[in-house]
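Each chain, written out:
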Amino acid sequence: MQFIVLLIVTLSVSPLIAQDSCSYQLSGYVIDEHDRMPLANSRVYIKEPRRGVFADSMGYFVFPGLCSGTYEFYCKHVGCDAVKKTITIQGNTEGNFYPEHHVDFDAVNVMAAKMNEEVSLATRKLSEKDKNETKGFSLGDGLTRINGVRRLSTGNNISKPVIHGLHSNRILILNNGVRQEGQQWGNEHAPEIDPFIADELAVVKGANGVRYGPDAIGGVVLVNPKELRKTPGIGVELNLVGLSNGLQGNTSATLDGNSSKFPAISWRLQGTFKRGGNAKTPDYYLKNTGLKEYNFSYALAYNKPKYGIDFFYSQFNTDIGIFSAAHIGNLTDLQQAFEAEEPLESAGFTYDIDRPRQHIEHELFKTKGYLRTGKKGKIALTYARQYNKRLEYDKHVPLNDSLANLNLPALQFELTTHTAEIVWEHIRLKSFKGSLGVNGTYQENTYAGRFFIPNFQKIGAGIFWIESWKPKASKLEIESGVRFDNIYQRVYMWKDETIVSPAQNYMNMSGTIGAIYKVNKRLILRSNLGTAWRPPNINELYSNGLHHGAASIEIGDSTLVTEKAVNASASVEYSGKRLSVVLDAYYNVINDFIYLKPTLVTTVTIKGAFPTFAHDQVNAHLRGLDFTLSYALTKEFKVISKASILRALNQTSRQHLVMMPADRFENSLEYNFKDGKKVENAYVSLSVTSVLKQSRVPENSDFVNPPEGYTVLNFAAGIDIPLNANNISLGISANNLLNVRYRDYMNRFRYFANEMGRNISVRATIPFALFTPKSIHN
Amino acid sequence: MQINMKTKTNMKTNMRTIALLGLTCIAALSSCKKDDDLVTVPQPIANEQEVITTVTLQFTDLAGVQPNVTATFRDPDGDGGLNYDIFDTIRLQNNTVYNASILLLNETVSPADTISNEVLEEDDEHLFCFTPSFANLSIARTDTDGVYEVGLQSQWTVGNVGNGTTQIVLKHQPGIKDGTCAPGETDIDVTFVTEIQ
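Residue numbers (numbering that gives the first Met the number 0), protein chains in the order written: chain A, 0 to 777; chain B, 0 to 196.
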């Protein structure tokens, strides 16, 4: 209640200051003081009247509507103190900002630290605008805004990021600096992360085994919460999002504070609640596709310039309804399902979630401490524990009444992971900057219910060293790193009424070498050659059973060897006054690529004969490019074109690889309104997304041909209303505006139903100060 | 509203105390969840909820002349894993009318669970469908759930000597049973080789 009262009070006292007709502008770049990298999403603002703009992904900003006179400009970037600069405006003026970090190393901002470590690999961040527009959607959906990132979905509620055609165990998700450990091998197992926690979302495209360890063959997703508050006071941010399709509501609130008496102490509380009902295609509802999610997290930090410690805890809980008509008994049912015009089970709208459904819990506790070692280095120690519980309920309860009354899940997995890492970083010493670290993992998995993967223990250890070389004033920077890993895993399973426990050991080296060449302020070239590897996953080694959703039998192979990748990538980034271009090209060679190969024999079960797939290893080549072009036609109008193209070949059989995303093109037109007295950053945009038919598929690899290509129209609009020190941000978007009927090759439910129809989302982000101490630190 | 400085300072302190207390409470409440199962002792296979491992057809000659016949399909560990270990051929005498009853078992538990009793209990949700591949055999369901046939009991009218197959399908049709084989999910689908001697 107090919040609301406070909010109303705050709203009503916002000052309105009249202004002359002023049309000058200040433009320039926000650049890192130390490494001269552009700082994206920095905010440049003045205090009287309170107005501000955000720099774009290249750190470029334009501050319009200035009168002649002297202004005090402030520039604030996450992880840095606000810098103040007095500039006299007498016409259009240019000026750059160099926000300064607190200390040479920013202990709190993991993202900034990690992102700068391997900059020769293209790292693309979700823009502020894209982040806003995808609020209320899942993490996997949000990431598709980054060119080259697609999603692998299972119906409308489950979606996983796909980077350059690779997903699941071939990409790594770093949640607040910790490797996310769930049952990520499953196609229908989405990342267990609350997207509202993520203040920064970025994707490192390409093999990155050196810094992050095994599995980072396709790339790394970086998810980072908001930086803890550094100025005294307590702030609140409310996020409210409503989606028309499925009548989904999202509420998320963040409360953060810093003590004025003990400035070293910062804290944050955050919680999200989400509820949605049955989704609708243009013609019919999808039965049992509601979801319910409730998450919370807290963080507490004690940071001094020379040492510090922080704690982070988050809990993710979700109940997901699985589309009823997609649960089938055998091949005949599957055949019937995809021959039907409409799903064989119809429904109206409801929020109720029935069987089949999933219930997932994920818990992360993390603590990190750091200590500066002299003037040249810093040592950081991180420990994290994760607990992941996954319950999958079949469509039907058992026939036996006493069993049915237990209401047990058909599948249950519990995965507990402990990770620890020690990293020593040193600042640039005679052109060299780098880090050296060791890390360890201990993991345990247990199952109950139907056998799919066995119990196992996994122990991993790794050591790495990364250095970058860049003499002062050199346009060229070279970086290189090396890593050694060992993974030991042991499974426990029943065989002929005794417990057997075979074990495997995998060791591997990874390396990376890359260069960044800054031709000038506008043009940056990057290239990287890196290796990564992953041990065969438990399901690839030991799974043996019927995959209900896929109507197939999957057989593991305990003799599989390590999958190894060598990835070459190159990027060109040009950022001109009107034109900006980003091009990421890659060639990824993966040896002993593990995939499901259809065998010629069928397996006869009591439910009929099923096609049988065995895990096999081949050499795979994946190559492609992601191209983004943006051109400002006028001050207001901007066109943006994106293309993402991938070719994936099985070199052994000279055939294409199965389940690879088709080529995608997106064109949008954006209109940015002039900032007014009471509104900022207002825009409308219309975009056309086309996905071609995936014609490059191996023969006899699927029950039906890939669906046709499709084109959908999307609309978005947003506006910021400055209020005291903050901006209230409002927005509306519509996906699939024309209610087009289509199916996507990367959706595993394409056999059963069309994609969602029109979905209109309305959102509001309301930040306000709950408590401000008397003295304000600038 | 007038607040003197002292109250303001107190408020500040209170705020901090409340915030810290709040954090402590949450930290205490959100103590870690735990996996209680032992990784080194996996759940026995039989913990699986319910599988149908065995279908047995029991034939009796309506006239009481020919000997009884049984035919069984059995996959002892359910779908996947090991293959079936019994897959009989149905051998019937020509020009005979048999009564057939179907027995379904879950043999992963001991003693075996008779699933066909559960089907009988929920007969309004189940339907057996019989499809012989040749004209020498005709099959008719003889039992009913009150509205529609079920098929746990059936009559097999056997004609002249010949060979073919007989497909037996059990459809689970909760709330959607309409007397036809189309709706629902397939629980059983076994095609027996059939010989008429």
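These aren't lab readings, by the way, just hints derived from the structure by calculation. Keep in mind that the hints are not guaranteed to be accurate.
Said to hold, decoys possible - One side only, chain A facing chain B, incomplete, derived with CB under 10 Å:
| id | residue |
| --- | --- |
| 1 | Tyr573 |
| 2 | Ser574 |
| 3 | Gly575 |
| 4 | Glu707 |
As the list claims (entries may be wrong) - Below 27 Å or equal to it, Euclidean Cα-Cα: the simulated BS3-like pairs (lysine-lysine) are:
| id | chain 1 | residue 1 | chain 2 | residue 2 |
| --- | --- | --- | --- | --- |
| 5 | B | Lys33 | A | Lys291 |
| 6 | A | Lys225 | B | Lys32 |
| 7 | A | Lys365 | B | Lys32 |
Yeah, the Cβ is synthetic: ideal placement off N, Cα and C, and Gly gets one too.
Evaluated hints:
For A/Tyr573, the suggested interface contact is broken, since its CB lies about 47 Å from the closest CB of chain B, more than 10 Å. For A/Ser574, the suggested interface contact is broken, since its CB lies about 43 Å from the closest CB of chain B, more than 10 Å. Because the closest C-beta pair between A/Gly575 and chain B is about 48 Å apart, greater than 10 Å, the hint is violated. Of the supplied interface hints, the one on A/Glu707 is violated, with its beta-carbon coming no nearer than about 27 Å to a beta-carbon of chain B, more than 10 Å.
Under the criterion of a C-alpha separation no larger than 27 Å, the hint pairing B/Lys33 with A/Lys291 is consistent with the structure, at around 23 Å. For the hint pairing A/Lys225 with B/Lys32, the CA-to-CA distance comes to about 25 Å; that is within 27 Å, so the pair holds. Between A/Lys365 and B/Lys32, the direct Cα distance comes to roughly 14 Å. Compliance with the 27 Å bound is thereby established for this hinted pair.
Violation of the numbered hints given earlier is confined to hints 1, 2, 3 and 4; the remaining hints are satisfied by the structure.
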